[in-house]
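**Student:** One-letter residues, chain by chain:
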Amino acid sequence: MAARIIRSTMAGTIARLEVASGAAVAKEQPLLYLEVMKMEIAVEAPAAGRVATVHVAAGDLVDEGQVLFTLEV
Amino acid sequence: MADDGWDRELDELRTRRGLAAAMGGPEKVALQIAKGKRTVRDRIAALLDDGSFREIGSIAGSARYGADGALAGFVPSNMLFGRGAIDGRAVVVSGDDFTVRGGAADAAIHEKIVQAEQLANEYRLPLVRLLDGTGGGGSVRTLETTGYTYVPAMPAWDWVVRNLATVPVVALGLGPIAGLGAARLVSSHYSLLLREQGYMFAAGPAVVAAVGPPVTKEELGGAEMHARIGSVDDLAEDEDDAFAKARRFLSYLPPSIDQLPARQPSGDPPSRCEPELDRIVPRDRRQVYKMRRVLEAVVDAGSLFEIGSQWGRASITALARLDGWPVAVIASDPTHYGGAWTADTAQKLVRFVELAETFHLPVVHLVDIPGFLVGVRAEQAGTLRHGARALASVYQATVPWCTVIVRKAYGVAGAGMSNHSRFRYRCAWPSGDWGSLPVEGGLEAAYKAELAAAPDPVARRRQIEQLLNEARSPFRTAERFLVEELIAPRETRPFLCEFANLAAPLRRTGPSAFGMRP
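Residue numbers (the numbering used here), protein chains in the order written: chain A, 103 to 175; chain B, 29 to 546.
Same shape as in the complex, but just chain A (with noise of 0.2 Å):
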């Protein structure tokens, strides 16, 4: 088990949350979705493992390289 930080690539507001801590997740699975440019794009899983933590919540602003979830691959 390695923990992997997921951040965000985009600046944006976090529309919503797909996955809670503790949930086991497939590779490419979303994980959330964020708004940006009026769209509503996936930040995906990189690789099948579960959710350690989730730093982020509903309707939050977050920024680019902002660490969104920590995962256990």
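Because the hints were derived from the structure by calculation, they are not lab data. A few of these clues could be false.
Unchecked claim - Heads up, incomplete: computed chain B residues facing chain A, CB under 8 Å, no partners named: (1) PRO310; (2) ARG314; (3) GLN315; (4) THR363; (5) HIS364; (6) TYR365; (7) ALA368; (8) PRO398; (9) GLU468.
Values in this document were obtained by computation on a predicted structure and should not be read as measured data. Beta carbons are placed, not taken as given, at the ideal position from N, Cα and C, and that holds for glycine.
Chain A is fixed; fit chain B onto it per the hints.
**Tutor:** Only chain B this time, still in chain A's reference frame:
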């Protein structure tokens, strides 16, 4: 006396070559290997076709002689170069030897660097630089031995700059790289850093700590950081991956600007249609799709080679083949800021269009551009000036250019899909959506007074939006011949393959109007 010819000299040649092959000696070589790195000689062997390396300057280095005049010690120069072959095509390769003085250059090496660059230029051969070390002045200790200092000059830089406009140059960062080595890494058409081994900085952590707070190697010049900001094009997982990427990159390019990119047999029928594409773009404008999937579906199977995936992400840039012809592919990625041009996306586009123009690659552009990225952050990043540079490179390009509007094309950035004054070899999917400003973004501003005066502003807004959206149909644009052709998405590959075949005889050898810059 029996004449034994030149046997003694031939023995000495073998001895000296043996000494050079020992590189920095067993301890330094063991250290290199313990770090998970190959020696420079093993790297060259792994990169090139088997047994094809012909070294030039194989016994150059610093020798010591005893009182009897016999060779008493030898340190080989720590930059090797020579000729070789990749996939049967001649190339020039140079490699730093980190086991000798950490790859730092000395006077003997400067001339080797010059000769390697010059060989590539005059013989019109692709050049691969394997970088590992500073390749520059070394440390201030040099002063103790030389007893003098010098005005800095860049060895071989005239050739380095000319090569960017003449032959494909690949630079692989396989260790810590600083100073002159860093300049040689980024002054290339395709550069990468090895994950967890490759670092690049103007000056390393020790020097930086002397002028500010301490930093780690990763923070200062880690591979991931440089790939994310685009100072290198790519990352490699290991040395084999780095060499495979170098070979792959070169496979799409001619040996020099004096030749054209070569067609390779393709087992993939140009008429292949992909029904999946008819449904890939969601009807809901708020939802996105995977442009890489579109690319895989339209180019020759297995031919897509993406460059710069970690930066300038709103546009995907890739080399690929269409019916066997090498082409440069640009495609918007709606999953990054909706495909909007950011400052770094524009910088990546400039670099890529110039590569295509330099080496005579026709360009295919799959467009989904909602405009420039907007907002304070985007303005402060200089998006407009970088965007205008990207527009200029598109308008300066003379290579054949084909455009497919997949979805959005808005504003100045959207207009940068192609040079509209050339023949517009273009089509659009029925999901096409274009204009100066998207209705979603411009409605409130344009109808401010009217909405404020309406008894039910929400209902009035919906009414106006519906009216405007009807005018937004791509059929209305096509009936005015403002877009040339609407096609079924599944027919995109045949459309592009026909373009590649028509474009092939139009390609011209020779220098482009501008020389590429790093």
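**Student:** None of the hints should be skipped; say for each whether it holds.
**Tutor:** Hint by hint, here is what the structure shows:
1. For B/PRO310, the shortest C-beta to C-beta distance to chain A is roughly 10 Å, which exceeds 8 Å, and the interface hint is violated.
2. A distance limit of 8 Å between C-beta atoms decides the matter here; for B/ARG314 the minimum to chain A is near 5 Å, and the interface restraint holds.
3. Checking B/GLN315 against chain A: minimum C-beta separation of about 7 Å stays under 8 Å; hint holds.
4. A hinted interface residue such as B/THR363 counts as satisfied when its beta carbon comes closer than 8 Å to some beta carbon of chain A; here the least separation is about 5 Å, so the hint holds.
5. For B/HIS364, the suggested interface contact is upheld, since its CB lies about 7 Å from the closest CB of chain A, less than 8 Å.
6. Because the beta carbon of B/TYR365 sits about 6 Å from the nearest beta carbon in chain A, less than 8 Å, this interface hint is met.
7. Using the Cβ-Cβ criterion of 8 Å, the hint placing B/ALA368 at the interface with chain A is satisfied: the shortest such distance is roughly 6 Å.
8. Given hint, B/PRO398 at the interface with chain A, holds; its Cβ is 6 Å from that chain's nearest Cβ, closer than 8 Å.
9. Among the interface hints, the one on B/GLU468 holds; its C-beta lies about 5 Å from the nearest C-beta in chain A, closer than the 8 Å criterion.
Figure legend: structure checked against the earlier numbered hints; the only hint not met is number 1.
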